[in-house]
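J.: Residue numbers (my numbering), protein chains in the order written: chain Z, 1 to 313; chain E, 1 to 313; chain G, 1 to 313; chain R, 1 to 313.
Treat the hints as calculated values from the structure; they're not laboratory data.
Here the structure is a predicted model, which is why all the values come from computation and not from measurement.
Don't take every hint at face value.
Note: identical chains are not told apart, hence a pair may lie in one copy or across any two.
[As the list claims (entries may be wrong)] Straight-line C-alpha distance at most 30 Å; calculated DSBU-like pairs for lysine-lysine:
hint : residue 1 : residue 2
1    : Lys28     : Lys51
2    : Lys119    : Lys177
3    : Lys51     : Lys10
4    : Lys251    : Lys13
5    : Lys251    : Lys177
6    : Lys206    : Lys51
7    : Lys149    : Lys16
Protein chains: 4
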Amino acid sequence: MDLSKLKPIKHIKIKKGMKANELVKAMKEIGFNAKYLGQAADILEIAVKDKDCMVFLGFAGALVPGGMKEIIIDMLEKEYVNVFVTTGANLTHDLIEALGFHHYQGSAHVDDAELNKEKIDRIYNVFMKDEVYEATEDFFVTNFDSLIKKKNVKEFLWELGRLLPGRSILKTCYEKKIPIFCPAITDSGIGLMVWSSLLREEHKNKKVYLNEFDDLADICDIVWHPKKRAVLYLGGGTPKNFIQQALQFVKGADYGVQITTDRADPGGSSGAPLQEGISWGKMLPKARYVTVNCDATIALPLLFAALKDRIKK
Amino acid sequence: MDLSKLKPIKHIKIKKGMKANELVKAMKEIGFNAKYLGQAADILEIAVKDKDCMVFLGFAGALVPGGMKEIIIDMLEKEYVNVFVTTGANLTHDLIEALGFHHYQGSAHVDDAELNKEKIDRIYNVFMKDEVYEATEDFFVTNFDSLIKKKNVKEFLWELGRLLPGRSILKTCYEKKIPIFCPAITDSGIGLMVWSSLLREEHKNKKVYLNEFDDLADICDIVWHPKKRAVLYLGGGTPKNFIQQALQFVKGADYGVQITTDRADPGGSSGAPLQEGISWGKMLPKARYVTVNCDATIALPLLFAALKDRIKK
Amino acid sequence: MDLSKLKPIKHIKIKKGMKANELVKAMKEIGFNAKYLGQAADILEIAVKDKDCMVFLGFAGALVPGGMKEIIIDMLEKEYVNVFVTTGANLTHDLIEALGFHHYQGSAHVDDAELNKEKIDRIYNVFMKDEVYEATEDFFVTNFDSLIKKKNVKEFLWELGRLLPGRSILKTCYEKKIPIFCPAITDSGIGLMVWSSLLREEHKNKKVYLNEFDDLADICDIVWHPKKRAVLYLGGGTPKNFIQQALQFVKGADYGVQITTDRADPGGSSGAPLQEGISWGKMLPKARYVTVNCDATIALPLLFAALKDRIKK
Amino acid sequence: MDLSKLKPIKHIKIKKGMKANELVKAMKEIGFNAKYLGQAADILEIAVKDKDCMVFLGFAGALVPGGMKEIIIDMLEKEYVNVFVTTGANLTHDLIEALGFHHYQGSAHVDDAELNKEKIDRIYNVFMKDEVYEATEDFFVTNFDSLIKKKNVKEFLWELGRLLPGRSILKTCYEKKIPIFCPAITDSGIGLMVWSSLLREEHKNKKVYLNEFDDLADICDIVWHPKKRAVLYLGGGTPKNFIQQALQFVKGADYGVQITTDRADPGGSSGAPLQEGISWGKMLPKARYVTVNCDATIALPLLFAALKDRIKK
């Protein structure tokens with residue numbers, strides 16, 4: 001950092017009717033996490049506009065129940081993102097909505113024992129009715145043979161997307177043939193529904209075999225194709241790690257944005273700043289990257305609103 | 001909470017050219033902290049529009065160096081806020097800029113020993129040149145007699161505002177006669193400069209006496225005047241507590257928004273959610289309030305952009 | 001809570017030579033997270049002493065590199081814990097040490113590009129030499145046929161434990177026949193090493209098939225056996241979720257302790273307090289549980305030191 | 001950091017009857033925040049044993065209600081600490097207990113409106129009965145003339161300590177003549193009680209004048225006396241800043257330990273790591289220092305138990 005050429009903080013001025021993109025641009029000229037958010041938009045703008053750059057989205061947390069589904073679908077449809085890695089939980093919630101159910105605006109200040117009696121599941125201040133599991137189980141039982149023919153998780157998830165009636169992340173990945181990975185599919189409602197379908201009389205001698213090493217081989221192959229790679233991590237968990245371990249084979253990503261609220265100092269991957277990835281070869285030493293400490297339900301809509309204004313897609 | 005009348009999560013859809021206010025409105029219909037930010041805008045909109053409601057702003061943290069100065073000035077000028085309580089640090093940084101100096105866009109990943117050699121002070125990723133202290137000290141030495149005549153901190157700060165050449169929070173409070181409180185003025189650069197002025201030959205037998213009990217009496221009187229009270233706490237610290245202790249005499253505020261990144265569980269006031277204030281009589285039991293966990297440099301510009309679109313001022 | 005029978009805070013008094021267990025006992029009588037840590041020790045004491053209670057440990061984060069390995073081995077050997085669920089990363093780090101390599105006391109304030117040149121991988125303030133991967137890969141290539149015969153992840157991990165030369169979590173689970181689950185084994189160095197072994201000439205037509213649905217069936221069966229269940233979650237991630245989803249079939253755990261530094265409000269499972277699990281049927285409404293916000297490298301040694309003093313095992 | 005001479009992580013082994021000091025020593029050889037806690041004990045041990053070193057304690061947060069009072073008294077009595085800076089809130093809680101009242105073991109999961117009805121004030125999971133204010137007010141009214149004669153806050157607080165019947169931080173500071181600073185005394189229950197005493201018939205024409213610039217001059221003088229300075233910051237707030245601004249005149253402290261749970265990235269002083277202070281001249285570039293991210297109710301008892309075993313006082 002050249003200390004002789006410092007740029008002044010330009011205090012944000014708010015205008016009536018100000019666009020989200022204008023706000024994000026202004027944030028780049030101030031301090032603390034707003035600056036990082038402003039930088040994140042610039043980095044993603046470059047990455048998404050660059051035809052030589054493949055963008056990997058690691059999507060953890062409970063961001064589908066939290067209200068981010070349409071943004072993700074939009075990012076996938078418009079090819080802001082080329083490879084999608086997520087948790088089984090997010091896909092289960094996506095599937096639930098595709099089957100016509102909802103998540104609800106709830107409260108974090110409630111009696112969980114009462115919710116339990118009312119068969120309502122709580123995800124912080126979001127609610128879900130427990131009844132969704134019956135309908136989703138029916139869906140799995142009905143479509144079981146078609147689903148279990150698939151050889152790996154990616155194809156299983158694409159098949160899920162094909163079968164789903166409603167607009168969803170899963171269907172979008174299927175239709176756009178966007179590689180979708182879920183390194184812990186058995187650790188989710190979807191996993192449980194496959195397992196419980198196997199307990200039914202009509203399916204009981206069948207075998208499900210989704211070869212996750214095949215998915216691993218797949219992503220390790222995919223990282224080699226483009227000239228450049230960008231990562232966008234929303235939260236950490238298995239999605240971040242699964243992308244990062246593949247990137248090590250190409251010495252790391254060229255661009256990176258991470259949005260997390262976890263601390264770095266307890267050592268977990270979800271809170272580790274992107275900079276740490278340079279030591280491992282998960283980010284290139286010359287990479288442009290930034291870690292934003294912010295709830296993704298606030299940061300992602302802002303970021304994506306900025307990007308949509310900047311990118312013709 | 002009526003569990004039979006739950007409203008579904010409405011996933012945010014981003015449009016090209018989306019306004020910040022539209023984004024904030026959409027956030028209210030989703031989950032996690034975005035929901036709280038959306039609610040915060042609604043609560044402040046009601047409070048600011050209500051002529052019977054006095055709005056108290058508690059402004060802690062390093063938000064002037066962080067880039068929030070113009071938003072605060074705008075809020076004061078347009079009377080979104082009627083009483084202003086802050087730290088000595090924020091006022092010192094405001095004064096520094098009013099005298100023509102800057103804060104700079106820096107980095108958190110630097111060698112602090114090198115910065116020390118280069119006489120640059122770091123506030124996370126914001127820099128300030130140490131040289132500012134000389135000029136500010138000159139300002140105090142020159143204006144000393146006028147400043148020390150004042151009987152309490154509020155009048156001292158108004159006088160500072162009157163004397164300052166440039167646009168600033170201090171000048172705005174002076175010009176608009178907005179009560180301004182700083183419960184720990186000696187704990188700041190301004191405090192140090194008053195003290196060091198006293199060491200100069202020309203001032204050495206003078207006495208400075210700012211009666212802080214007078215300020216305390218002042219705010220305890222102010223809270224009685226309006227029919228309703230609203231609070232906006234950016235961070236916690238002494239500004240939050242100073243407002244809260246006065247509000248206890250009227251059984252608490254009617255409206256409240258708190259933006260903080262501190263945790264509640266270690267027990268400090270800065271992380272305590274507004275709800276806790278109900279037990280103390282700092283918030284009314286029937287109050288509308290929300291605590292948003294977000295860096296204020298991201299949340300405040302969003303909130304204020306939403307408010308400016310909604311409020312004709 | 002009976003407000004008429006409140007117990008006073010008993011301020012902690014420190015004696016010379018004070019035992020960790022005495023400290024933890026004293027913490028129970030004060031406030032904030034210390035109180036929770038004190039309660040956690042009592043809850044685990046009851047659970048571990050109760051022969052009718054099965055204890056599930058969910059072990060996420062980078063706690064093997066962080067220095068918790070011997071505590072975990074001790075907990076497994078002495079049967080404080082009966083079922084073990086963890087991440088592939090922790091098992092990879094355990095394997096690396098079992099093969100004679102080390103993790104190192106490093107620093108978080110370093111140039112990651114320089115570490116990258118020196119082939120040192122950083123996990124916050126812990127280092128690991130990149131060279132470990134060669135030796136661990138050799139181990140996999142050599143033992144490949146024996147490993148890939150296994151039908152599910154649990155048996156694969158037991159076989160790993162059997163083959164390892166050194167003291168390790170893996171070996172201990174194997175020797176004690178403690179069910180060990182890793183819901184995302186492909187998302188780890190172990191996963192990568194299996195995959196890369198398949199690329200070798202000598203293994204290239206072989207097939208690896210670890211049926212993770214088999215593991216899922218296994219844990220869903222295990223939860224039915226005991227009269228009571230206790231959970232200890234260190235961090236969140238897949239280990240917590242994998243245990244929780246199985247517990248739903250028995251309406252939830254009787255006892256629970258969670259140690260995490262993640263926030264609840266962004267909605268992720270890792271920061272969700274145990275209380276939230278009651279709505280889902282992951283914790284019983286009448287369960288005794290507590291969530292402690294503390295770095296596990298501080299909280300776990302304290303907790304286990306307290307338990308070892310209290311439990312004859 | 002010499003990368004060729006790295007020391008291995010020594011996994012903590014727990015023995016039956018393990019002393020807190022042994023645990024803290026073992027923590028120094030592992031990673032994450034445990035390592036920092038281990039280092040903190042070493043740094044404080046050196047500082048406290050060094051007769052040329054003056055130790056400044058900045059004591060923020062609600063640590064008296066939280067249960068840390070006896071540790072602080074012990075540290076003051078045994079001269080582990082030579083200068084004490086705190087918030088008005090902590091002193092108010094100390095005074096309340098000295099007058100025979102208690103804080104109570106409460107809960108964070110309660111109905112604050114009900115607490116309000118029952119006249120119970122909540123500080124996260126600690127309760128206090130509102131009735132304490134009446135008795136404390138009586139104390140102030142009775143002792144008013146003696147208190148208001150004092151010229152600055154330090155002497156006022158010493159006089160408070162002299163007058164108090166019970167064991168307390170205030171009395172200990174008085175008896176040991178330990179300089180005690182409170183840069184925002186009007187921002188506290190003590191401040192309110194002085195102010196309300198002035199409203200009584202018997203005191204109504206009296207004047208209270210505590211010259212806080214006198215306290216500022218006092219601490220700015222004190223920092224010059226010793227050859228070395230150490231700081232221990234529990235939380236941040238005004239106590240940390242008040243010490244830091246004085247230390248700038250001697251180019252910074254030689255030793256430093258900070259215990260906080262606040263994040264650095266939102267830019268506030270409470271979360272700023274000690275390292276940042278080097279740029280300002282608040283810590284010496286060559287200083288030995290460490291920042292521990294941990295709830296002080298857990299970290300401080302551990303630290304002090306370690307110190308008591310190591311230091312003959």
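J.: Evaluate each hint against the coordinates.
T.: Now the hints, each set against the structure:
1. For the homomeric pair lysine 28 and lysine 51, the shortest alpha-carbon distance inside one copy (25 Å) is at most 30 Å, but the shortest distance between copies (36 Å) is not.
2. Taking the shortest alpha-carbon separations for lysine 119 and lysine 177, neither the intra-copy value of 37 Å nor the inter-copy value of 37 Å comes in at or below 30 Å.
3. When the C-alpha separation of lysine 51 and lysine 10 is checked against a cutoff of 30 Å, the pair qualifies neither within a copy, at 33 Å, nor between copies, at 33 Å.
4. With identical chains, the CA atoms of lysine 251 and lysine 13 are never at most 30 Å apart, being 41 Å at best within one copy and 36 Å at best between copies.
5. In this homomeric assembly, lysine 251 and lysine 177 come within 30 Å of each other (Cα to Cα) only inside a single copy, at 26 Å, whereas the closest approach across copies is 39 Å.
6. Within a single copy, lysine 206 and lysine 51 get their C-alpha atoms no closer than 44 Å, and across copies no closer than 37 Å, so neither meets the 30 Å cut-off.
7. In this assembly of identical chains, the alpha carbons of lysine 149 and lysine 16 never lie at most 30 Å apart, being 56 Å within a copy and 41 Å across copies at closest.
This entry does not satisfy hints 2, 3, 4, 6, 7, going by the numbered hints stated previously.
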